[in-house]
Structure formats: structure tokens, C-alpha cells
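Chain order of the listed sequences is D and V. Going by our numbering, the first residue of the first sequence is number 79, and it counts up by one from there. Going by our numbering, the first residue of the second sequence is number 675, and it counts up by one from there.
Hints in this document: simulated from the structure, not taken from any laboratory. Computed from a predicted structure; not experimentally measured. Possibly wrong hints are sitting among the right ones.
[What the hints assert, rightly or not] Okay, derived cross-link-like pairs now, EDC-like style, lysine to aspartate or glutamate, Cα gap no bigger than 20 Å in a straight line:
id	chain 1	residue 1	chain 2	residue 2
1	D	K113	D	E88
2	D	K96	V	E936
3	V	K912	D	D151
4	V	K709	D	D210
5	V	K906	V	E936
[Said to hold, decoys possible] Covered, in the sense of this in silico footprint (three residues per stretch, anywhere, with C-beta under 8 Å from a C-beta of chain D), are these stretches of chain V:
id	segment
6	701 to 715
7	826 to 838
8	957 to 967
9	1129 to 1140
10	1146 to 1154
[Said to hold, decoys possible] FRET-style restraints, in silico, Cβ to Cβ:
id	chain 1	residue 1	chain 2	residue 2	range
11	D	E148	V	K1098	36 to 44 Å
12	V	S887	D	N222	49 to 57 Å
13	D	D151	V	Y941	17 to 25 Å
14	D	E148	V	N1086	49 to 57 Å
15	V	Q1115	D	H182	21 to 29 Å
16	D	G128	V	N1086	51 to 59 Å
Don't be surprised by glycine CBs; every beta carbon is placed ideally from N, CA and C.
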Amino acid sequence: MSLEQDLQLEQVQHLDLKNFTTVEIGTSVKKTVEKMRVENRHCAIIVDEGELVGIFTDRDILRKVVDARETWDLPIDDLMTSTPLTVQAKDRADMALALMDFKHFRNVPVLDDEGKVIGNLTHQAIIKYLSDRFPESVYNLPPNPEQATRQRIGA
Amino acid sequence: MSETIELTRKDFVSDQTVRWCPGCGDYAILAQMQKVLPELGIPREKFVFISGIGCSSRFPYYMNTYGIHSIHGRAPTLATGLKIANPNLSVWVITGDGDGLSIGGNHLLHVVRRNVDLNIILFNNRIYGLTKGQYSPTSLRGTKTKSSPLGTVEHSFNPTSVVIGAEATFVARTVDSHVQHMAEIFKRAAEHKGTSFVEVYQNCVIFNDGTWSYATDRNTKDENILMLEDGKPMIFGKDKDKGIRLSGYLEPEIVSLANVAEADLLYHNERAPSSLAYMLSRMRQPDFPEPIGVFRAVEEPIYEVGVMRQIDEAIKRRGKGDLRKLYHAADTWEVFPDAERGNGHQAGEDSPPPGEFDEAYPGVVFHEEGGLTPAKPSLLTDTLADLDPPPPLTAPVTISLAEAVARLKKSNVGFMALLDNNDKLVGVFTDGDVLAKVACQVEHLAEEKVKDYMTASVTTLTGQATIAQALHLMALHNFRHIPIVDSAGRVESVISFRSVVRYLGQNFSAGNGR
Ligand SMILES: Cc1ncc(C[n+]2csc(CCOP(=O)(O)OP(=O)(O)O)c2C)c(N)n1
Ligand code: SF4
């Protein structure tokens, strides 16, 4: 089966979507950045009583926060991207990928039937999906390219 | 004042050429080990890798740690001795199904039974790889190999069952292609006090390709694998719609979650009596999904602790011993070499010169050059240069932090290569660095230098590296960009995850990938 066909049959919810942190609306920018740093996530999903209201990413940090001290104590609502584009858990993976590619999105929140956030579609999810699909070619490699050999050794 | 040195994966990569067949599962295990060790907070000089004989047993050469490539099946023995002599070491035994369960079966049982505080990783490829494909104790009944042309007649060993029978205090199983899972299991094994036993399903692409395909194929693995999680109900299936329940006679059965409540399923408990772990180890394809994860983890007295305590007590009671006196206390006699008595083998006559001894092992023949087919085309052969990657944003390493941030913003990218005055790459500065070290922490960016905030230890590739290699690093480290350098260390271009994804989308049509 080709990769395209595979991705058509795959649902978004089956990708590895754990790459995000959740922050309540009203949290300060500083606290949000801190939480992202501690949890090592590039994206915060902003919720209001569990409902998605926005996202805030490392891109936003670079563009709006890092060199603007005055923003640090603002509530995250002021800087987040409100009502971001989302995809559904059962959506086709290829459609979601096309969306990311076309719009240059690096994070797309994933919602279940009831509108609750179940994950975040990121580069890491795609890299992991691709690597898992070709495990022998990707995982089974020497630490450095020049350390490979074509001659197998005996004991 | 003692100083802690931050270790990285690179610190554990040795300079030895890795001599496994292209596509061998051993590579994935090596990569995860090199990734996990720096995270354990143990100084590098405290690690020792001890192996027996086999393809898998070449592992210590590739780890930049202390290591012993020892005698067939005897790695547990050397490891036990070493651990008693120096209990501060982190000792890892690397063995194969042949090494650990045929010739070394006895040694494996006893190290486990003694609960010496060390970690055993058994690479199970259900075959003798090094000697070119004879059946091993884990080959399934009926397997046809060079040494069983009509199929094996005997029952095979199940490594986890065997060590649970020997009362192992930590038993786990993982799969070469489930790399994150493998990393977690290695960490758990390292943390366990006592013998940790980990079975890794490892694919031998040459002599037993696909023996674990039911557990690795992305279309079937979720149905065929049960992820054990302590305290959680045993649920599996791609849509998490099936579970394991106990029927009468302590037999597991598969039930559908449509009919059975979660509370009625079997819950995993790593500290349960070993009969639970044993029952789990008996669940096999095609009747059951095969459990992976930690089967059992319990605290029991540790061998070397007990031995050392006895020695201390004996010294307290009877004083320090005198080895010389002991030697001369009882009857002693001298043994002469045969040659001196004139009735034996004369050294040097027909024995091979020492350097060639290894290759004279019965049955060990080098593969003919070119006799191997690389695992798969394109990914392994197409190079990064073929992707025609663009040049990165670059800047002198001397600029201020404010300037670096401004330039990233202006170019609207998240990656910058920093160069010295010979144009050599000395670091990278990315949106990841901004998040980790700068944002909401540094107020006066203009007063800081970017070189104090960049990532100085950069993983690079050359244009001749394969696309698979780039994907490998991206998957291993979550890198989004990898700089491409020439032989003089000058950056030529940068490869981003986006270009790799594009390439895969375009090039992998029917039958091309794996
Ligand atoms: C004393 C002795 N007996 C037999 C051999 C031949 N021999 C070398 S490796 C090996 C088995 C290797 O199998 P395994 O441990 O599964 O390792 P793999 O190569 O599959 O990783 C055997 C029987 C030997 N080298 N020395
Ligand atoms: S013979 Fe098999 S186990 Fe040995 S290096 Fe080759 S693929 Fe790996």
C-alpha cells in the first residue's frame, strides 16, 4: 500500500498526539511559558473549563513575547490565537496533513465527538508515524552514518 | 567542589564501525541505549557492558563505556564477579537467545536467582545469527533452518517464562521497532534494584526476517500486542475495544468492551505473586495478544549486598585474612605444562596464530562482500543532497541575543546557524532555545550574547548521509532541523522535517516502502 493510501485510511486519533500542555484561560503569559518549558512542549492549548478557546505556540513566543517584557504579565488570552482551526479525532490523517502543509500550521488541536481536546497534531506525530512505518530503514541505523559497513563480521 | 558533567547521546557513541547487517534490529536497540544512558545521571566511567558471543554480543564495542566481549554464555558470570568486586558500577549484560539460553542457559538462571543488581538485555531473534541461521532455543517448533532441515521437533523456550520460573525480581519485554517503549523499559530496568531482565523482540533481517512481524507491522500490531501498565485494566486493540478477563481455572480470555465493563477486566499489578507474571508470559500469538511492558517488579534482597555484609562480619570477628597464608596452609602442589613433560601438544605447531583465532570458530564464515541486500531501497540510498535543501539563516556567533531574536523574527524562521570567523558552524539557535532558556527569563536581551544561549553541541550530517539517517535523528531527538555541513565543518544547508515529509509523500508508492 502506498503512503498516500495509508494516510487516507488512517484516522488522526491514531497518531501520537500527546505533544501539548493545557493552560486555563486567564493564566499569565509567564506562567504559560514556564509550564511549556517544564513539560518540554512547544504548544499550549488554552481552555476555558475544558473547552478549547485558543492555542499559544513557540512561534508566538518568538514573535510576541521574548523581547517584549511588557507582555509577560498579561493574561494568555491577549496573545493566544483564538478559536484555532481544529480537526476531528476520526478525520482522515491525509486531510489533516494537507491542512498543516497548506496553511503552514505546526500545531492543530484534535477534538473528539463532544468537542473535548484529545490531542495536538504536530511534526513529531508525523515523524513518528513515518518512522514507525519504515522501522527497519529508520530505527535500525548506526549512530553515525560513517559507522556502517557492508561486511558482516564473525565472532 | 564536585562538578557534574551533562552527558549526551554522543558521549556514548564509540568510534568503532558497526558491523551488523543493514536493517538489523540490533541498531535500534543500540540507539535507544545510547539515548537513555545520559538520562540516568550516572557518570560514564561507571557503566560496564558485558556480552557473550553472537551478533548481539558485539554491542559493547559500539558503546563508549567500559565493556567486555566475554565467553559464550558466560556474561552473567563475569558480571556477577565484577558487581561483587565493585558494587558501585552500573553493569549491563547483553546476550542473545542462543548465547543466553543455549550455552549460557544455566548461567542466566543463576544470576537471576541470585538477584545480583545488574541489567540483562536479551536480544531475541529466534535464531543463531552470527553462525548463519541455525535454530535456537527460542525458534518455534517446526522451524526449518540449516540445522533443522525438516523442522525442529522440540518445544521452544519462552525467555520471560524461564526467568519468572527462576524468581526474577524484574521482568520486562519490548520490541525493537517500538523505540519509545524500549527507552522507557531500559530506564525502568536501570532503576530497579536487583537483576532486571528485559527481552527485546529483535528482527534478524538476514536469517529470520519477519519473525515478529505480527508485533511490528503497523496494521496488525495494536491487535497483537497488549501494553501492560501497572494498576490499569488490560485493554488492547487499535480502538481500545478489547480486554483480558480471567475465566475459571486462572485462564485469561479475550472479551469485547462492548459487553464487559472495564471494572470486570484483569488489572495489571507488577507486585502481584509471580503467577500473574507467569500467566501473562504464557499469552502468545495467535491465541492472545502478547504482553509487552513490565511483567513484574518486586524488591528482594540483593546478592552482593548480602555477600559484602557477610565479609564485613567475618572480618569483624576474625580479622582481615592473609591470602599468602591461606595458600600455604594446606597441601599444595605444582602443575607442569604438558609440553614440558614431552607428551602433549606442542605450542605453535598446528594451532592458529593468536590473531586469527576468532575467525577459526566452527561455522563462522564471513558473508561474501556484496552478498547482502540493504534493507530497502531509496530511504537508505537517497541522500540529503538529493532533496536539494536550502541554505539556513546564518549569523556570526558574536552577535547579541537581541540581534539573534530580531533576525529570527525578521526571517520568520525558527532556526539559525551560528558561525565563527572562519565560517565554521559553532552552534545553533532555535525557537526551542528561546523557549527553554530565554523567554520570560532574560529581560535585557541586548546585554546578552547569543553564544551563551545557543545549543553548542550540534548534531550535523553531511550531504552524503541518507534520508533515513535524518529521519532517524529526528525521531530520536525530536529535532525539527538538522544542519548539513561539508568536510571542513562549514554549513551548506539545513534539512527540515518538512522536506523529509514531502520526500516520503512523493516517493513511497506501492511496494517501495516497508
Ligand atoms: C564455545 C562456542 N560454541 C559455539 C560457538 C558458535 N556460536 C557463535 S555465536 C552462537 C550463537 C549466537 O546466537 P545468539 O546468541 O542468538 O546471537 P545472534 O547472533 O543471533 O545475535 C554460536 C552457537 C562459539 N563461538 N563458541
Ligand atoms: S545476521 Fe541477523 S542478527 Fe546478525 S547482524 Fe545480521 S541481521 Fe543482525
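Worksheet item: So which hints don't hold here, by number, going up?
Response: 1, 2, 3, 7, 8, 12, 13, 14 and 16
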